[in-house]
Amino acid sequence: MLDTELLHEFVEEARDHLADVEMQLLQIEALGENIQDDLVNTVFRAIHSVKGAAGFLGLTQINEVSHRLENVLGKVRDHQLIPDPYKVDVMLKAADRLRRLIEEVDTSNETDNRELCEKLDALLSDSNVSQPDAGPANADEAEAEPEPKNSGSKTRTTTRKTTARKSTKKSTTARKPRSTRASQKKPAAKASEDARAELAAAAQTNREAEESVPNRAERTLSDAQTNLAKARDAGGEKAKSSGSKDAHARAGKLAASESSVRVNVRVLDRLMNLAGELVLSRNQLLRVLGDYKQDRAGFDSIVSGLDQVTTELQEAIMQTRMQPIGNVFTKFPRVARDLSASLGKNIVLTMEGAEVETDKTIVEAIADPLTHLVRNACDHGIESPPARASAGKPVEGSVHLKAFHQAGKVLIEIVDDGAGIDPKRLRAKAVEKGVISAETAAKMCDRDVVDLIFAPGFSTAEKISSVSGRGVGMDVVRTNIEKLGGSVEIESNYGFGSTVRITLPLTLAIVPSMIVSQSDLRYAIPQANIVELVQTGGNDKRIERVSNSEVLRLRGQLIPLVRLQDALGLDANRSSGARDQDQQLVVLEAGRSRFALAVDRVLDSEEIVVKPLGRHLSGLPLLAGCTILGDGQVAMILDAAGIVSQTQIHTEADSSASHLGEDREAGSRAELQRMVLLGCSDQDHFAVSMDVVSRIERVAVGSIDVVGDRQVLPYRGGTLSLLNIDEVVAVSEVDPTDAVFVIVFRVYGHEVGLITPHLNDICDCDINLSDDATGQPGVAGVSIINDRTTRILDLYGMTRIARPEWFEQREPGETPEERRTLKILVCEDSPFFRNFICKTLTEEGHAVTAFEDGQQGWEHLSESNSQFDLLLTDVEMPVLDGIGLTKRVRADERFQQLPIVALTSLSNDAARQAGLDAGVSDYQVKMNKPELLATIDRLTKGTSR
Amino acid sequence: MSVATEMTNEPQAKTIQIVTFRCGDVTLGIDIDHVQEINRLLNVTRVPGASEMIHGAVNLRGEVVTVIDLHRILQLAPSAKPERCRNLILNVGNERIGVLVDEVSDILTASEDDLSHRPGNVSAVDRQFIDSVYLREDHIVVILDSQKLFNAIEHDAEDEATLAADQKLKSK
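Listed in order, the protein sequences are those of chains A and B.
According to our numbering, the first sequence holds residues 141 to 1085 in order.
According to our numbering, the second sequence holds residues -12 to 159 in order.
Bear in mind the hints are in silico, worked out from the structure with no lab data behind them.
Because the structure is a prediction, the values reported are computed rather than measured.
Any given hint could turn out to be false.
[Stated by the list, open to error] What follows is a set of in silico ranges between Cβ atoms, one per label pair, in the way DEER data are often shown:
id, chain 1, residue 1, chain 2, residue 2, range
1, B, ASN30, A, VAL671, 30 to 40 Å
2, A, GLU452, B, GLN4, 40 to 50 Å
3, A, LEU147, B, ASN30, 38 to 48 Å
4, A, SER689, B, HIS126, 16 to 26 Å
5, B, ASP93, A, ASP706, 40 to 50 Å
6, A, ALA507, B, ASP93, 32 to 42 Å
7, A, ARG406, B, ASN30, 38 to 48 Å
8, A, GLU747, B, ASP93, 36 to 46 Å
9, B, GLU99, A, GLU152, 42 to 52 Å
10, B, ASN30, A, GLU452, 42 to 52 Å
11, B, ASN30, A, GLU747, 13 to 23 Å
12, A, GLU746, B, ASN30, 14 to 24 Å
Yeah, the Cβ is synthetic: ideal placement off N, Cα and C, and Gly gets one too.
Turn these sequences into a full structure, and let the hints steer you where they fit.
Next comes the structure, spelled out in structure tokens:
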């Protein structure tokens, strides 16, 4: 029935009209009785236009509400109604309602707005008196009681008007009558005076103490308006002259000229596309012409002209998408106002940099997170007036919003001078909520702790107020901002306030990306997802296999590895073997998951323009869209989150608690021992702990010399003693081979090589399976590795059997006190290692008491009261780990001097350092018996028994 | 005069123009109203995870257009002469897709009456995409229904998606 085109136009226009009304009403409120005609007129005209158009289109309810509002504004304009917080409240609500009706214009006629209209009407009949005690303060309680009507006395209004006028002219004189009135009002107010009036009064007295209200109001207002006007001009949205600094002059011109047109965003997008293509064509032309340049001199200027125009065209079109951040800022004065009222706080919101521009999409998307942060600052940040007073701060809390450009990014800061964040409380809360462990909490520095408020499921508000804590946490804020390619961080000075800093890209349309190639196709990966680029090689960057999946070991961390060709389902002929040594990887982060993506090649970084994929191709989980590369070829953009869900990577790499993540990861591979798998034949499989191996060499059988009954290998000018497995351990047979592997290890300064015909693998295995069941000399235990029964060799034990003379020499010579008995406490969760260590130590004549975890060990230790000479502990254990145990032991005065040796199967520097920090005396690898014994000797030297 | 007589002779007859092209050994046609342009954009980028019918995506003056491969959809043998291949950009309901064809022949004008809507035994072409058949001197032109082509790839894409989801569930 209605012309939809017309209706659409109405909605657009009404939106524009109403956009500024809120701000202007707030200004009217701030000015109070000092009514500024131009300002009121502007609002009046805006509402009037809405009313007119609504009437024409048959939108009865919109017409109704705007009509009433217009009436009220008319009275204000005629100085028959003095705006006060309550009245402005009703007007704001009417404006809100209008906005809502306009957003749902189709159903607007079915809504019921009688109550609101009645309230507006009530204002009219009540125009003569200011109502300090009327209406509930809480702005959220939309339906207020109609305020008590006072028999209007025109005389009073007139008096007020005069005072008002006087106050404009002579602000100094205006102060006196005002304050008197304020003090008069107070006793008049009901006993249950609402918070709003009190606040308003407090604010007034407070302000008056400093300077006159009109002056101050004028100043903040004109500041705000200058900002706004600047913003608008910069945005090129609407022509509002900002030539004069005077607010009056500007207000008059608000609705005047029209130097802009409304353009559909789609048209702009098309223009963008075409400009991009033009750039491409230009580039191609430049390339071709480059070859002929010398032939035609005239070409040069033409080409550079084209070049310039194209660049400018592209920039201009990009500019059309830019909008001032002020478009979002405008709503915050209202937010702050309503919050101050409902929370009984005194908050002054100041804004700066409203003219800073960023992409339309970003401006729109940042509104919600920013609102949340402003609400947070008001609700949790700023303290209640009494609290502020007792802290020696001004009663008025300040929240400052600031936007500015920095290094090609847009920064927004929300600074409050409130209480800041209490790191102690936050720590306790985080532990209580299970976000981090108590131990991690203790380790974290305050800055990291503060960062925890971005962790999922975290809200520090002791009681959930209606203001914040509506189920939206800071984690959502962070997620939303990160979705835009931005970041957010918080800085807090406990007792003095906090600063939240948001960094946003200038534009979403252009995404800095890394181009990678896989199977001859190029793909783009947004830089925002990329943590680092890695080329495998060396020990700290290598690809390993854990059970069925590949992982990247990167500086002691294990990161799941995904091969792009697998993720994309490309059938590539896998060139096995050497490829792992020279693999290019991109480490990506998506949400809380981190993984490494193996690609053929990492090519280059490029700023790409994101294009949507056709409808038929949307919804593909792996792709975030596509783009056109510099040469015109289409390339797909990979979606890191999609790859995660597609390949079902589960990582707990919680970025806010990454230390924790590492710990947990370490826990899960605690029992993994790096083993060298070897064998003499198909029947006999052995394993040697990699930790005790110095190196492995491959030698021709012919190069092994036999000296007496022993085999030696000429090596670096000397000889290396060799040991055959079958010399010590019973084997079924030894396969004859041309070349053998020599596993070199050290025992008390002697280098020994163990000869093995087959070297099967080096892998991380779980050998927490069985203990020494065979009882064979030189065998530490038996385990199932790769479905084979494998004997784990005790190289030290083997050497002792094969070369007893080395031990005889050592025992009397090196350590005279060797034979003494030490009392050693062992904490080790793996039964295999526990037995192994106990056996080793017992063989040496020590008295050993062993426990499964740190907790049991600690209990025994503290009860036994310094009965022990040494503590030997595993690092990764359930209940209480080695670090925790060490800390406890060191915290106890009795055990300050107790030597603590931590056993580990990991050579992780970070973990090592953590241990040393905690008070560990030394580190030893589990299987390295000689070193372990030597350390024990060294540490207990001088210990009296 | 002739126009007048034609009008009177065939009162309801509308003529349509058909772009004819070859694909494999079949001559096909599409209503010219649905053809936006014919170009040589053959540099198609594969889209991993997309439906079998979809050949990839191509850059059409800054717009990324999905390209389908008729050979695969109609199960025809691929072309032997790539230099004659063309990309037919169809535009249906403001949506564009590209169709890779072996060779564009010409444009023929036909009266709707000459189109047989009950195709005979056209075994070479999947029936669901056939709008009608036009008999031309020595051979027949199979006229495709572009809307049905659009629908088909869309459904296929959906099927793939559900299939993938199913597989994922199973593998879990």
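| request: Kindly indicate which numbered hints from before are broken by the structure, ordering the numbers from low to high. | output: Of the numbered hints, 4, 6, 7 and 10 do not hold.
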